[in-house]
Structures are given as C-alpha cells and as structure tokens.
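Protein chains in written order, with numbering that gives the first Met the number 0: chain A, 0 to 293; chain B, 0 to 304; chain C, 0 to 403.
It is possible that some hints are incorrect.
Keeping only pairs whose Cα atoms sit at most 27 Å apart, straight-line, the calculated DSS-like set for lysine-lysine is [what the hints assert, rightly or not]:
| no. | chain 1 | residue 1 | chain 2 | residue 2 |
| --- | --- | --- | --- | --- |
| 1 | C | K230 | A | K133 |
| 2 | C | K403 | C | K360 |
| 3 | A | K133 | C | K403 |
| 4 | B | K285 | A | K90 |
| 5 | B | K285 | B | K296 |
Rather than coming from a laboratory, the hints here were simulated on the basis of the structure.
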Amino acid sequence: MELTRILQILSAGLIIGGIYALIAVGLNLIYGTMRLLNIAHGELIMLGAYVTYWLYTLYGVSPLISMILVSAFSALIGLIVCWSIFLPIIKTSKSAAVLESNSLLIFFGLSVIFSNLASLLWTADIRGYSYMTKVFYILGVPLMHNRLLAFLVAVVVCILSYLLLQKTMLGKAIRALIQDREASQLVGINARFIYIFSFCLGFAMAGLAGCLLSMFYEITPFMGLPYTIVAFIVIVLGGLGNIFGSLMGGFLLGLLETIGVSLTSPGLRPILSYSIFILIILVRPKGIFGRGVY
Amino acid sequence: MAKRAALYGFLALILALLCLVPAFASDYVVSLFLDLLMWIALTESWIILSGYTGYISLGHSAFFGLGAYFMAMTWTHIPYALGVLSGGLVCLAFAFAIGFPFLRVRGPYFVILTLGLSEFTKYLFINLEIKLGGTVGRILMMTPGLETLYYSVLIVGTGATITAYFVKNSRFGIGLFSIKEEEDAANSLGINTSIYKWLAFGISAFFPGMVGAILALRRSYIDPYTVFSPAVSFQVIVMAFLGGFEDVEGALLGAVVLTLVSEALWAQYPYYYMIILGAIVIFIVKFMPLGVLHPIKQRLLKEPQ
Amino acid sequence: MEKRKMSVLVVVILGVLTLGFFSMSAPQALAKDVMPVGFSMSLTGKYAPGAAGQMQAYQLWLDVVNQNGGIYVKKYGKKLPVKFVYYDDKSSADTAVRVYEKLITKDKVDVLLSPYGTSIHFAVAPLAERYKVPIVGSTAASVKLRDIKSRYFWFITSCVPDRQMKALVDLLKYLNIKNIAIIYAQELFPRENLQFLDPYVKKAGFNVVLKKDYPMGAKDLTTLLSEVKGKKPHAVIALCYPAGAFTITTQAQEVGLNPDFLFELVGPAVVVFGPKFGAATEGIATMGHWSPKGKWPGAKEFYDRYVAKFKRKPDYLNSVLSYTECQIVQQAIEAVGSFDREKLRNYIANHEFETINGPIKFAGLENTKTPSMILQWQKGELEIIWPKETATAKPLYPKPPWPK
C-alpha cells in the first residue's frame, strides 16, 4: 500500500475519532460526576446542528460564530434540565442504582421530546448546507476545510477539558467527586455546583459537536440515536468516568472503523466493530483504561 | 383466603374475556389487544432477569429479531405452532450459550453490552441475508389470520406473566433478588449466583423469541433494521419502570397503561403525542421514582380499609 | 402526603384518558356530505424525513380537490369534499397495520391512500386483500412487489430495480462508457438494484474496475472514494440512500474524484440536495421519472402549486408518486360514481389514467406504461435525460469538474 493511502486512512480515522471523542467526553463527564446515563445526548447534537443550520441559512451567521452561540445555548438547556429535574431527583434517590435507572428513563423522555419537537417545529425534512468546502492538502492527503476545522476544534476542546480536570481547583474537585462522592462532600466540595457545571459542560460539548457535524453531514430530527450509541461504545471502551479514556477511546474507535473498512469488506465494518466491542467488555469489564480519572 | 380466591376468580374472568375478544370486537380492537398482549409478554419476560436481579438488559430486541428471523426462514416448512415454539427455544439456547461471560459484566456496562449485542445481531443478519438472498428483506406469504395470531400472543403473554409470578414467589426468585441486593454477599452465603442469573437470562429470552416469531407473520414483511430495532428494548424498559419492575403487577400495569395512553393520545394528536408521552414519562419518574403502582400499594398496605 | 396525592392524581388522569379512549367513537355523519379518506403516515421515526414529501403531496391534493368543492360522486348526486383521517405509524410496520385495520373497521373511511415506504407497503398489502379494499401504492419499489398475490394492490413507480438498472445500463451504452466503478450500500434497495445491475453490466461488456460495498450509516467514505479515484473509472455508479448520497457528494469533492458520469441511486432528488450542494450538483444523475418540464398535463401546474403552498420544491419521487396516486383514486371514483370497492378495484385494474406523470396503466400489480428514466442535475434543475422519448434535455457528458 502506498504511503499517501496509509496516511489518508489514518487521517480519516483521526478526524472521525476526534469527533467521537468530543461527543463521548461530554457524555462521560455527566456520567462520571452524577452517575446519569444521558441517552438524550444525540438529541442535543441534533439540536446543535439545527440551530447552526438555521442561524446560517436564515441570518447568514457563520458556523464559526455559531460554535460559541450553540455551546451557550446547549449549556442553557443543560442548566434548565439539571436544575429543574435532576438536582431534586439526586437529592431524593435512595441508591445509585435507582438513580441510574431513573436517569435513563428521564433522558429517554427528553430524547423523545427533543426529537419530536424538532420534527414538529421544522418538519422531518432532511436538511444541510455547505460551508468551507475548499480542499486542502497535507502530505498529499486531501482534506476539506470544514472537516479539518471540526477535527481541530474537537481535539482542542477535549484537551482543554482534560486540562481543566487536571490543573484547576475546579477540576480537582470534579475528579474527587467522580472518585468518591461521599468523601468529597465531607471535605467541603460543593457537589451541587459541580453537578450543574459538568451538566452544562457536557451539554455544551454535545451542542458543539452538532454544530461541527452540521457542516458536512445531513440534518434530520431523528439523527441523534446513532451518535448516542457511538458515544456509549466509546465511553465504555475507555472506562466510565474516565475522561482520558474517552478521548483515547474515541480515536481508537475512529481508527478501528476506517482501518477495518479498508482492510476488510466495508459491509462487515459494523460486525467487526461490535464484535471487538463485545469482546473488550467481556475481557475487561471495566473498559480498556479502567475506571477513574488519570 | 377468600380474598385470594376472589383475586384468582377475577383473573380468570379477565382471561376469559380476553379469550372472547375476537368473537365480539372489531378487528381494530383485536389488533389493539394483540399489541397490548405483545407488550405484556415482552415486559413480563424482561423483569424476570432485569427486574429481579437488577441486570438491566437492552437485549430484548436481539431475541425478538432472532425469533422473527427464525420464523421467516422456516415459514411454510414447519407448522406454525412448532415455528413459534422453536423461535423461543432458539433464543433460549442462544441466551444460554452467551449467558456466562455476558453476566459477569455488571451495572451500566451490562446495559451497553446488551445494546451492543442487539446491534451486532442486526448487522450479522444483514450480512447473512445478503449472502443467502441477495437482498435484505423477506416477504411471508399465506400468513395466519388475525385471530390465530391473537390467540398465540394471548398464550405467550399469559405464559410470561405466570412464569414471572412463579419465579418471583419461589426460592429461585429469592435467589435472584439477593443478587440485586448484594451479589457478592449472596455468593458467599452459598447461592450460586452465576447459575441463577444464567437461568433467568434464558427464561427471559424465551418469550421475546416467541413474540418475534408471531409478529413476523403479522407484519408479513421483515428486514433486519425493523426487527432488531432498539426501540423494542427501550419501550419495554419504559413500561417496566413506569409500572414498577420488581413485580408482575407492576410490569403488567406499565405495559397496559403505556399502550392505552399512547393509543388514546396517538389517535387524537398525531403530531404531539410523542411529546406528551415523553413528558408523562418524566413526570412519573420525577414524582414516583418507584413506579406508578408503588405509592398506591403503600397506601393500601398502610391504611387497610 | 403530597406525593401520595400526586400519584393518585396521576392515576386518575391516566384512567380518564383510558376511559376517554374507549368511549371515543368515530363521528359518523348521517347525511353523506363528506368523503373520509384514510391513510397512515410516518410522521415520526426514521422514515419521517422521506415521508414529509408524501404528506405534503396529499395535502396539496386535498386543497386542490376541495377548492373545486370536492369530488363529484354520482351515487350522491353532488360533490363531496374530502376529509383526511390519518394517523402516525411511528415508522413501524406493526402500527401501520393497526392503522389500516382501524381505518377500515372502525373509522369506516370511503377510500384508502397508501402509507410511506417499501416495508410498510409490504406490511399493509395483505390487508387490502383480506378486506377487499383497493389501495394504490406509491412510495414503494422492489421486484418483490410482484410476489404479492393481491387483486387489490398496485404500484405506480417505474423505479423497479430490474427495469431501472436496465435503463441505466442502456444510457451508459449510449454514452459509450467503458470503465465503471460500482459502490453500494448494505441496504435493501441498493442491494436489490445491484442484483440486477450485475448481469446487465456483464452483458453490455463494461469493464468493472471496482465493486465495493459500504455499511449503512458510514460517516467516512474518503478512503473508499480515493480508492475509486485511483482506478480512474469513466462512470461511478453509487447505489445509495440519501445519507450516502450526501456523504459521497461531499467527499468525492474532497478527494477529487471527478468521473465523467456520476450516478447516485437515491438522494439527488431529495429537496435539500440542490440548495445544499449548489453548483456542485451539475451533472449528477439519479433515478426518477418526473420533471416539471415533462410533457404531461398538469405537471408544471402541480409544481407551481406545490412551491406556492409549501415554499419549497416537491420531491420528484415521493411527492410526485403520491400526487399521482391521488389522481388515480380520484379518477376512479369519478368514473365509478360510488365507493363500491369491487367496482373501484375493477376500474383501477383495467383502465388507463391521465396523471401529472403521463398515462398510467396497470398490468397485474405493476404500472408498465411509465418507462424507467434517468434524471440529471443541469443548471440547478433536475432534467430527464433518458429515455429519449420522455427526455427534457440531452445528457450532460462528461460531467463538468467540481466547482472551485
């Protein structure tokens, strides 16, 4: 195989992996701190994509600006949902198991509401637009500007969120909460604030991912579920609550998919990735990188 | 005792009424009840594993699809009843085959693992169908009439409910609940939790296999995308959680309420009902985190009248 | 306790809803002054994006008919305005089957229209036979349709894979193309097309330089497309669904794959395709058998009305097929003069209809009158380029390079 082709496969894998990582880190942040399984994550991506689309087509707002607007908008949704529904539930839940199952149900309800609201407001038509479609060559590998941008933004945001967890007081508090909820509260960490913070951050990352994806993929009200499933696979691969693991897991899955497609029959890709996924869980039931924050 | 006898009598009456439905109701009502009984069968069988042991499974759609495909592949080659039964047995065997390694995985990892399983079976069948038939989809001809299908689902639904009831009220059931409480402690007390979970997984897979086999004939056209749809698993979980997933009545109530409410809303507000349904789910969870039935039961127990 | 009150309240509300449901009954008008027309539509769920074009076509037909005061039915000696009775099938075949059972046995509608999509058509077809109700199918295409042994079900589209692929290969021969690459999605309709494409390609003696599949929902096809590019085919045949068509069109530009002829099976006729890709659409071909420029009565009028009402173009497949279906049903009712199902059935089975897509006549279940055609984007419009008899423009060959 010639070098350019190998580079092309790797770059394709890394780009899709970067986006997977962004989606998964947001999901894992919420799971890690609050033990909530957000199956409405894909619907937030969908909302982010729609908002970007409308801002661009109706008002000519560049998706570059929308990245900030959409993140803020998604964080606001996160704030509302967290404050009105989840904080009261966390307080009254008797055990982590009850909380986990109830959160699953509530997010299920939210995902149904979001996707159907979108289809009611904007019809179920497929939508899309083109932005930054110039092609750019790196080492002979052609890349469209929008995908390169999406990759860079995704990686920068992932790294920033990782640094936030590692280097700041707030990050340390979040990690402490992920590791041991009771103990962290004993040492005076304001759990309530951290819940809201990670909730908003997780939602904002999902919205941002939607904004980035809208530049090159089609948008429909029901586009969310596949992204949710991918995000779940990534966070399980990397370990629940392990942010660094999600980052790596995203890249791993992206590379696995593109390399798998070019080596085997592409039609076999889903079988391949799901069997690897199942095998990994069976062999390492806590993810490749284990639980916890590094 | 008299109370108990009255209860049994009441249940027998309901069963008798259900048997009579096709005789006096329109096809529409029969098909509504068919739907209802299907969800009862799926939800009751789901709680046998997931409700009693706390291992929340998204694998029901895998078994449903497997049963459907077994029926589609054998239809017109073997008799109908045998096809339905074997559809269930195939799923039972499949669950037994994968049970031990799968059930070592706990908590949310198990949830995602079973989701992965159902997606895996879906793509497996897509590829298998392409190898076998060239296209992805099968039309089934000369399928049985609505009444036959209705009675079949009635039998399977009743079977699943009775099984869930007897499992709960047996030593086996107590063992399963001990897994939920504290699996490691149960193990050290000499309960072979691996075997318990494994058996529950198999029983729980048997019924969706049969339901899938029957529903394949009702749809008369199946393809892997529709029969392995994760929507089936999600809906079952919502039903079980709504009613309360630790007992037979809860699962029954959840299935009945959600089916009827969504039917009522669906006909009236085609564009809004999914949103209303989503809101109802959130509302119930927020105010009744242990299921709709739980506060009522407590009320009955605390203030006997 | 407050919580307990709340739960009782909820149970009461649920109970009332349930009771309300059972006491509900279809309002039955005593004097016949309206004509209920029933159907099931995928308003929500995975088929909803495609079904939108069908629903709008139905609504447009409803408007057009009712603006004229309704359909004249001889039996009642007057025009009856049409009233739609429709339910969401959530993109589920089970629900769609229940909807039609409800429409037939409970709502007792006079006439039925078809649901959306091949799989739901398949699921509903046996009901037409069981209740002896005629249904003219619209948005369904598969050779397996012919396996349905029904006297009460028909299919309008000429995009049936065997005929469609023959038309495509004929066009390629006409364009004198030698080297072709085929990429296809692992999905129902693309696979079925491939099954018929293969033998035609063999017979035509084309040189297939590459034939590869890609999975449903594939988000990155750059590696596959650059592999295609490396083989330098004259024509690229992409047997895809809309999502794939979007990805292929975007990423072919990215990797600089620019064949002389690019065919994408399903997708380029989707409404958003033109606005999204703009000048990049130039020269992309797809399946379809309609254009507002077609020399058929009412084609242009339909297009204008549609655009005026919905502020968007119709979907050249789904919207047109659905509107055509309504026209057939309407003409059959007007000719028969009643809602007698057997008479309607016989009329539909044996007569020719005049529609916005030209004359339509059924032979068995299939419309054999309309030829399979190929459409191509030219200057921001989809033109019919094949066969010559119905063409609205000459094939643009070779396809111009991607813009910029």
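Okay, the hints, checked on the actual structure:
1. Restraint check for C/K230 and A/K133: the C-alpha separation of about 24 Å stays at or below 27 Å, so the hint holds.
2. With a C-alpha separation of about 46 Å, the suggested pair C/K403 and C/K360 falls outside the 27 Å cut-off, and the hint is violated.
3. Pair hint A/K133 plus C/K403 holds up; C-alpha atoms about 8 Å apart against a cutoff of 27 Å.
4. For the hint pairing B/K285 with A/K90, the CA-to-CA distance comes to about 11 Å; that is within 27 Å, so the pair holds.
5. Distance hint between B/K285 and B/K296 is fulfilled; the C-alpha atoms sit about 18 Å from each other, no more than 27 Å.
In this structure, the one hint that does not hold is number 2.
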